[in-house]
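Next come the chains, spelled out residue by residue.
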Amino acid sequence: MSSSRRDFLKTASAAVALAGCGRAASTLDTVPSPQQAAPSPGLPQSSPADASVRDLAMEALNVAKDAGASYADVRFGRYRRQSINTRERQVTNVSDTESYGVGVRTLVNGAWGFAATNEVTREGVQMAAREAARISRAARAAQKRPVVLAAASAVTGSWRTPVQRDPMDVPIEEKVAMLLSANEAALRVPKIRFVSSGLQLLREEKTLATTDGTLVTQTFVRVGPQFTATAIGDGDFQAYTHELAPRGSGWEYLAGLDMPGNAERWASLAAEKLSARSVEVGRYDLILDPTNLWLTIHESIGHPTELDRAMGYEANYAGTSFVAPPEKTIGKLRYGPEFMNVQADRTQPESLARVAWDDEGVPADTWLLIERGLFKDYQTTRDQVSWISGLTGVQRSHGCSFAQSWSDVQFQRMPNVSLLPGERELSLDDIVADTKRGIVFKNRGSWSIDQQRYNFQFSGQVSYEVRDGRIAGMVKDAAYQSRTPDFWNSMDMIGGRSSYWLGGSFGDGKGEPAQSNSVSHGCVPARFRNVNIINTGRQG
Amino acid sequence: MPIKLLSRDEVKSLTDRALAASAAVGQPDDVRVNVQSGWTGNTRFAGGEITTAGGSTDTTVAITSSFGRRTAAATTNLLDDASLRRTAELSQRLAKLSPEDPEALPTLGAQPVGTIASAYAERTADLTPEARALAVQRVLDGARSAAGDLGNDLFVAGYLEANAGVAQAVATSRGLFAYHASSDVTLSTTARTPDGTGSGYAVAGARDWSLVDPAELGRRAARKAVASRNPQAIEPGQYTVVLEPQAVADLISQLPGSFQARAAEEGRSPFSKKGGGTKVGERIADPRVTLFSDPTDPDLLGQPFDAEGLPIGRTVLIDNGVLKDLVYSRYWAQRRGVAPTGGASTYGGFGGGGGIAGGLKMAGGSKSVDELIAGTERGVLVTHFFYIRFLDQRTVMVTGLTRDGTFLIEKGKVTRPLKNFRFNESPLFMLNKIDDLGRAERVRAGMVVPSLRVRDFNFSSLSDAV
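Residue numbers (the working numbering), protein chains in the order written: chain A, 1 to 540; chain B, 541 to 1006.
Everything labelled a hint here was simulated from the structure, so no lab data went into it.
Each residue gets a CB set at the ideal place from its N, CA and C atoms; glycine is no exception.
A portion of the hints provided could be inaccurate.
[What the hints assert, rightly or not] Derived list of chain A stretches under chain B, where covered just means 3 residues or more per stretch with a C-beta under 8 Å from a C-beta of chain B:
hint, region
1, 423-435
2, 438-451
[What the hints assert, rightly or not] Below, simulated BS3-like cross-link-like pairs (lysine-lysine); rule was C-alpha separation at most 27 Å, straight line:
hint, chain 1, residue 1, chain 2, residue 2
3, A, K328, B, K959
4, A, K476, B, K907
5, A, K476, B, K864
6, A, K191, A, K65
7, B, K907, B, K953
8, B, K953, B, K814
9, A, K436, A, K376
10, B, K864, B, K814
11, B, K973, B, K819
12, B, K953, A, K191
13, A, K191, B, K813
14, A, K191, B, K959
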């Protein structure tokens, strides 16, 4: 096997620190205001594609063309994943996985085909290219509308996620010590009997070449911490999971969370839930902290604005969208109030969806999905642009093509989707102070939404009742249930720039076979009037 | 791509090489090697045409090394000797740096592991892109023919996926070797009417492709789509429901976590008792409910050993309504002085004691769904559910939505289509509200359940979604 391995440790330490990286995500300049131009992705260069990988790429593309492809791309992926899990005073799992392979995608007579193999050799890529073309031709039989790709310029270059300290370089003892120290702090809290904490780390190195002349290499780093404490009462148990957002960031982010220093406070919330009052059902003003609201954005704005979903392509699994058809919704559908602006991007620093180029070689973009409360545009890939360019005037792909690994085909995935801050510098406390009767939700609890993204039901890890501008105590078993257009149109207060926070997930699911997407959502605290609060406990 | 199944001997030679690589780079007290190898081929369609289709092959080798009670695992898909040595070395280095795990156990020696040969069917492994495209065409033709005037305008989407290969092979430095190959194919389809008010779903699958009828699937989904047009809303509340097997499976698959012995004994499960102990031996469901796991069951044909190589036999979780067996990891079984049931994950046991390996089957009666409907005075017929998530671990209370074919039953007949509901219900409570059971059917690999008629199912709010 001829492909050479680069020494990641050496190149990581040589990476130039990007101006702005390492700061907390809530600082002002990580939040672009509406209509700001996308920041340039021309950032620290890691070494360009290996000569051997480049040769294999060209071989794959040539074989694909010979087999009849009008367009083809080839993606080499090297994935290194490390996972550490602990409970109480022991380590339950330490694992390190590497996976390397190549996938070829072909367009023959307007039909897609894809084939992937772990044999990264001349014979392997040839077979994959031929198999992909074969699959394309087999799909032709049941074809109605040939795929048309929007133009994309050939790009060459390399990029890597800017980090101060590569998490893969950090010794295992340091990682384990941090987690066990957090557990120990939590176990000091009365009634806390169980605690689990962990880390998921990923380094993805991707080389993409296309028949348009694109050849790009990117290295992504993503980290995801986890912490849950469980309190045992008399015939009852309550858990608290702190919302530790996964990020496209390095060890500095994980260290900055100070899990050992905060674990005691987090665990005491689990204990407090044991004696919290069970919520009284009814209509309340709902105040959502960003640690909870980000997921509501993901489910009720992120997903319905995926264009393929709106056109029915996810009907068999993830569902369809009420934000359809495009001709009835673009510029017409009122999603929320005038001060509501929702941005899509693959550019926010420390975000999970940040790239220089997507999996079709399209440069990262920043655009508005919702502008002044009106739905404006969808998420798109190259083959989707022509479906709506007449309505949006946009001729380029927004760069949403992504595959979770070398063995999966790339398709339209969610970019970061963020609720932009309001004009006034308001905080969660300011919103509480303005509220007569409400419930505050923090962190994620349960989440569920229907197949067209209308009816949803969410809860948090902790909720608090608000009376006459003050927190009146913790309540439990609470969930909020609403209908998307009614919900966003009932929003009447929104936080300012200092309250902006970047949540996210490694586990955004879509597609058949299902693939996981990593995505971040920035948002501010917000208030929603007169929302239905239900009780999901034993009495519910 | 043409794949040749790695034979038992070929896999043994790979695991021997991995064990030799481990011995060459260090002296761990224990080494376990897990291999998975195979092929997957898929064809997705929407709007009456194939949208994406692909296939991939891979072989992964996981090496878990232990020094005393220090354990770690490293995985690779590069199979040359140098890569195996590198992976073994990484695994050993990580293990030496890990703290001791007081619950670590030595790996197993040779075990009496059975073979489930019929879990692998050549016909499924041979499902070429052309054959898959042809199957999709049959689904589309079937849907069109069953939709009458709407036939040409019906929006039909779906997915066909075939998998074949070595599902799992385990080898240890103490002489264990186990090998299991399996194949499986699933075909599902959703049909939607052009006015956007009707939607129907159907799914079928088997280990052997020759048992699947694509045209019939298309017809079933299309009939439901046409029948579900212009749904009417009825008030949320508690209703008698007839749940098709897919709907029952959606709910039953929320249960396995509750059967962990450790969680139950630690007070963290619906089967924990106030004051200590578990509800084993107590009635927790209707006496007609029997729920078990057994890899040799001809409807399940599951893997007869877990990732540690521990043989998996028959585990009866609920026996005629009584909570019978809980699932014990090796560590927890040893602590409690009972036999382990197996099911640990690839990277060593996690605290609660494994999942339900070997598949899950709920015994049924003999009635068809139509017969259950005929015996219903007033109720709601549910095809399947969507987006089920936990609300409360203490009661297994979950929430979700109905989807793709929800109908009103009056005096034994389906009378009109209904708007979809959100429900808040617990599958555990549901098993206590059973009115009647239908025939058990395979819903997907490792899940065989009957249709059910259930009383007082809680529909909590209406959904506009079709």
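Hint by hint, here is what the structure shows:
1. 423-435: violated (count 0)
2. 438-451: holds (count 6)
3. A:K328 to B:K959: Holds, at about 23 Å.
4. A:K476 to B:K907: Violated, because 43 Å separates the two Cα atoms, which is more than 27 Å.
5. A:K476 to B:K864: 33 Å, violated
6. A:K191 to A:K65: Cα-Cα ~66 Å, so violated.
7. B:K907 to B:K953: 16 Å, holds
8. B:K953 to B:K814: Distance ~45 Å between B:K953 and B:K814 Cα, so the pair is violated.
9. A:K436 to A:K376: 34 Å, violated
10. B:K864 to B:K814: 19 Å, holds
11. B:K973 to B:K819: Within the cut-off at roughly 19 Å; holds.
12. B:K953 to A:K191: Between B:K953 and A:K191 the Cα gap is close to 54 Å, so the pair fails against 27 Å, i.e. violated.
13. A:K191 to B:K813: 18 Å, holds
14. A:K191 to B:K959: Roughly 45 Å between the alpha carbons, so the hint for A:K191 and B:K959 is violated.
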